[in-house]
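There are 4 protein chains.
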Amino acid sequence: MRQKIRMGMIGGGKDAFIGAVHRIAANMDGLIELCCGALSIHPETAVESGKMLFLPENRIYLNYEEMIKKESELPANERIHFVTIVTPNFAHFAPAMMALEHGFNVVIEKPMTLTLEEAKQLQQKVEETGLTLCLTHTYSGYPMVKQAKEMVKDGALGKIRKIIVEYPQGWLSTLSEREGNAQAAWRTDPKKSGKSGCIGDIGTHAGHLAEYISGLKITQICADLNIVVEGRTIDDDGNILLKFDNGANGVLIASQIAAGEENALNIRIYGEKGGLEWFQHEPNTLLVKWLNKPTEIYRAGSGYLGDFAKHNTRTPGGHPEGLLEAFANIYRNFALTLDAKLNNETPTPQMLDFPNVYDGVRGMALIENAVASSASEQKWHTFIV
Amino acid sequence: MRQKIRMGMIGGGKDAFIGAVHRIAANMDGLIELCCGALSIHPETAVESGKMLFLPENRIYLNYEEMIKKESELPANERIHFVTIVTPNFAHFAPAMMALEHGFNVVIEKPMTLTLEEAKQLQQKVEETGLTLCLTHTYSGYPMVKQAKEMVKDGALGKIRKIIVEYPQGWLSTLSEREGNAQAAWRTDPKKSGKSGCIGDIGTHAGHLAEYISGLKITQICADLNIVVEGRTIDDDGNILLKFDNGANGVLIASQIAAGEENALNIRIYGEKGGLEWFQHEPNTLLVKWLNKPTEIYRAGSGYLGDFAKHNTRTPGGHPEGLLEAFANIYRNFALTLDAKLNNETPTPQMLDFPNVYDGVRGMALIENAVASSASEQKWHTFIV
Amino acid sequence: MRQKIRMGMIGGGKDAFIGAVHRIAANMDGLIELCCGALSIHPETAVESGKMLFLPENRIYLNYEEMIKKESELPANERIHFVTIVTPNFAHFAPAMMALEHGFNVVIEKPMTLTLEEAKQLQQKVEETGLTLCLTHTYSGYPMVKQAKEMVKDGALGKIRKIIVEYPQGWLSTLSEREGNAQAAWRTDPKKSGKSGCIGDIGTHAGHLAEYISGLKITQICADLNIVVEGRTIDDDGNILLKFDNGANGVLIASQIAAGEENALNIRIYGEKGGLEWFQHEPNTLLVKWLNKPTEIYRAGSGYLGDFAKHNTRTPGGHPEGLLEAFANIYRNFALTLDAKLNNETPTPQMLDFPNVYDGVRGMALIENAVASSASEQKWHTFIV
Amino acid sequence: MRQKIRMGMIGGGKDAFIGAVHRIAANMDGLIELCCGALSIHPETAVESGKMLFLPENRIYLNYEEMIKKESELPANERIHFVTIVTPNFAHFAPAMMALEHGFNVVIEKPMTLTLEEAKQLQQKVEETGLTLCLTHTYSGYPMVKQAKEMVKDGALGKIRKIIVEYPQGWLSTLSEREGNAQAAWRTDPKKSGKSGCIGDIGTHAGHLAEYISGLKITQICADLNIVVEGRTIDDDGNILLKFDNGANGVLIASQIAAGEENALNIRIYGEKGGLEWFQHEPNTLLVKWLNKPTEIYRAGSGYLGDFAKHNTRTPGGHPEGLLEAFANIYRNFALTLDAKLNNETPTPQMLDFPNVYDGVRGMALIENAVASSASEQKWHTFIV
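Chains as they are written, first to last, in full-length UniProt numbering: chain U, 1 to 385; chain R, 1 to 385; chain C, 1 to 385; chain Z, 1 to 385.
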């Protein structure tokens, strides 16, 4: 890279959770520089947070409109290359659209928007402008997830027949949203979160992971979304039967009331010749199962891995890398892509390997289709985008 | 016990699989004596198998009718107390009915019969005769499964909210039934196996386990049964959404085309206060998860376990017991129950803790309801017995 | 086999632990029949225990001398083929010697005797008589241990360079021998247990496992035996550096004060090309590690295993077999060997694959060498037999 | 913090391994800024590496003497606060001493120096100057290691009785130092690496971990260091018996010829009441074992953890953090300590919780004592510092 890529952050003030994760991810490889922020809708918090992050005072903005406008007026060699949007779901679309309109690339938290309609508008704007939008489906940043994808693509498993993906969490087992848990509060509020709670928040991760690794697309679903904890107004749990475009069947289970679970995202993919199993809590291991041979333990950092896995680790085997590195892989690939484009070069497939606006549209479609299917008495619901 | 319980075996000749397992289970604790057998429909095999098992020549029978008749004519202190039926599904009902009619108790492989109708007839006959029928849903014989059941019953988890049970196998990933695999051949032949392949063979185990541990009953299902390997005529794979009688939701996944899996039966049960996880490949461990405390690893043979778990282990912690011991637990409890009844005593709850004719009826109902639901375009199918 | 092999048991009355395990192991495969016993030195217990085991009254003996004498006077087709000695260590030698002198084969618990000198006398008697003595080093009966041995023998790992074997237990973390724990009481009493507590009881298992799998012999040791819990008079813990006859180095760790451990026996063997890892709590798995390839998970019951592993499982992969099956493998191989010898046939290598009198001598040598080394200020002590 | 802490790097040019890890660790939390470097002894590499890291040209130095001198002449608000030394062992002492003499704090790779004598000189200089020296024993940066330490300190396990610590690696199973592996080349060269290979490189990590968690000090050792791969001149493997200052016994095993192992560092600590187990490959889990209760799985990011563990994670449970975060914890605590000292505040115990010059001296003492013990015929060698 020829210069550090310059970032401005929208949301992510001092008490936020995911904003700090984004900053760590962006910092990690020394390729990206946080240059400005509109870190909170509360002016005091915005300023205080900016100072804590060592931002220059004139680039601590009080709202995203001001930030995008002012930054767009700075000289090219000073102004930011992209904005990162880490606000709750309902506040994704407007800043993303404005940023694109002002020529800024965008990193955005999932789910991409509040509605599928908004998502499609973003897609259109990205296509119009030629700018780059990156969606932080973190789990696809893990090297062993990339290895799994590459093995499937290379046909190691033969035709894929069955996919089971689960994301069990237990943190919403009680009405913690009424006990001062800010993360729980907005996620269980349909005005801020959207039509779905659990499927929107973590079901989209599971759905993305299944499509990302398998290279398949969901074509039909049969959803059973549940409000398990009394007093909620949107789903905190869901089970979905799946059909994929090659005929494979599958199951997607997401729950936030699976008491005692952390982020136990796991996926198993079965093909004609073998199967894959990956578990987020031990992300550096990929189990590769065979019909008549011993199961193999593929490990991150090993010499026998493919190019995509290798491109996305920093250390040899035995040095566990974790979620922050997976997140940083997304930022690094996004930054490398911007760098290539800034220099009129073609990004490599490895650089381009981060979730984008099309993944965002599919995620919003998953939410809307799941909600519709769950409300229907018909078994199979065609997955519409 | 005052005397060994005497057993006669139907099926289980020298090339059979499950018959040998039954014999090991019956032998293990020295409480049961194999006294006679109608071990094969091929006379030569029947005789040869009987000799290999050191049976007296006059009690090596050539068919079950002969065996039941002749044994019923022996003096009470010689004749068998029960028959064990280890033939393919289609050959369960007739010998079971005849045995009951001649006053013999019965152990029978699952699924109990070929049809739900037959199962109900057996239930009626058992109720009429007061005899005991034991169904070998092996996995419910594991001590940590019993511990799970006891903890749920005692309210350790609070109200149960969600149950995920899976039984993935890979051994039918190819058309092995056409390559001389006898086990595969009859299981994939609806005439011998019944309406369902995968759900009948292993889905019933999963369903039983879920109901056994949770103490709940399935009330509604939404089934997606699949014939994945081309050329088959009955399902080799299935995914089923569940509703239980307390409102809990669930998922049952069974597959025989999950390439690379052995008998990876596992269950996770989530309640208001915590969750349980058990995995058949490491059966001596039960994970107990809590909302705000560390997950606990309960281990078979430990002093802190409940009465049912303790009753069903032979050794202290650290001496792994396996499937054959789980199987033997079923036989031992069945034998202890017979012994109590023979002596006009009331069997204890621990003795009576083995799958019975009612479990057999529910298993057959699962098969018929799953097949009906899968064929329907309606989402939810009421579980009818 | 042409007839059941007949067994008489010495020790193992109703409150004993290991006697019951021996009976289960002997029962399991239906090849061995318990015909008589001298089950306790307390006459009442002896009789009561014999009745519980359905022994005929005239073959319930009150001491081993009577049993051996009387049985030797029975006709050949009635009298037992072997005695099983399951008394505490101090009461192994005399009945074993007497049994051999009267023409009976012997199964005996480890450690074989109270002293190395006794062990050598037994060896001489076995050689003189041509009878068979089987020592129940249970862990060598596991199929994946046999697989490990076969892989090492076949050179899969190249020359062996390093062996780490551990047997951590926690059950003697307190002075339970003073709180009515009978198992603890005799094991911590040098008069009953011998010169060593921990090394004798479990260190011998670890030492046997290392030599069994590797095919190597320990030639030098440097032992640090410890009495950790105040009030004991023999070691409850020990660490031993090892040298093997091919130059490999190693470590043997045994402890009964490793609080919270069950029977966490594990072994890792490293060669030029790869390594092996086996853990007794999950005995059906053998990890096979390679220099530049993924680690492989070998599983009991799989088609790709060698002849020895296959000979020692009863069920296909996914049906966990445990310690009782490992124990039963020893009994089964011993019984098959006796059967072959009774019929003037040569036992196969698989039949002969059980620990014998030579293993017993090496175990006693390990105890005596470890005690001597621990008492010495010299680093390396030559392992003398 | 009031300002970013400014760092200069010595070593760590573009082809180096550990330098990149240090930069990631320093970058991660946005508290430290890389301002200058003497990144290679090859001028071209030094310049190229500096440019790749976006260093200003005037702060890309060609050797450490120049860097320290020039930086010390810069105004206080520009010049670096500390140097990080990431050269091979033989090139640690001189730059560290010069940096301290010029008023710079120091971060240094382990082992701290080439000899114990050098280590003591550094200790003296640190004491004289009041500057801060941080030694990157990475593994002590993991939150669950800190949890273990806190639990031991709080007496959860009672008096510690036994410690087993192992660091098996397989990467030196062949003579890779002769096949162009630069990492292997200097580590197996006593001129660059010091008196010991394996014990110096990874045994010191194991020794530090044991003393760090237990709070005990090694007082006696009995070492068996080995050159396993023919052609080497320093140890590539070693087994050491330990005695600690409270009477506990232990074993330290380190190997670089354990074929198939990555960085399988693990430690088990047993006390009167319970035990702890931690394994570096799954660093977010700490097993806590009890005498008569289920083993507990403590997980990083959980609310029930102590202050030190909490201070050293960035995310809640279920977001695996890895080695780079452990490394970053060391840098972060070091930076927070510098910040406090720069502002005349007293660093908190959490801030001061990073390995320091005294740990460095003990590491060098471990090397020298192990080498001396291994060469001796006497069993126990008193650990001298």
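Among these hints, one or two may not hold up.
Which copy is meant is left open, because identical chains are indistinguishable; a pair holds if it fits in one copy or across any two.
Calculated cross-link-like contacts (lysine-lysine; reagent style DSBU-like; alpha-carbon spacing at most 35 Å) [what the hints assert, rightly or not]:
| no. | residue 1 | residue 2 |
| --- | --- | --- |
| 1 | K273 | K310 |
| 2 | K70 | K14 |
| 3 | K243 | K4 |
| 4 | K341 | K125 |
Worth flagging that the hints you see were computed from the coordinates, not collected in a lab.
Each hint tested on the structure:
1. K273 <-> K310: For K273 and K310, the Cα distance is within 35 Å both inside one copy (25 Å) and across copies (24 Å).
2. K70 <-> K14: Close inside one copy (23 Å), not across copies (37 Å); limit 35 Å.
3. K243 <-> K4: Cα proximity of K243 and K4: none, with 43 Å in one copy and 52 Å across.
4. K341 <-> K125: within (18 Å within a copy, 51 Å between copies)
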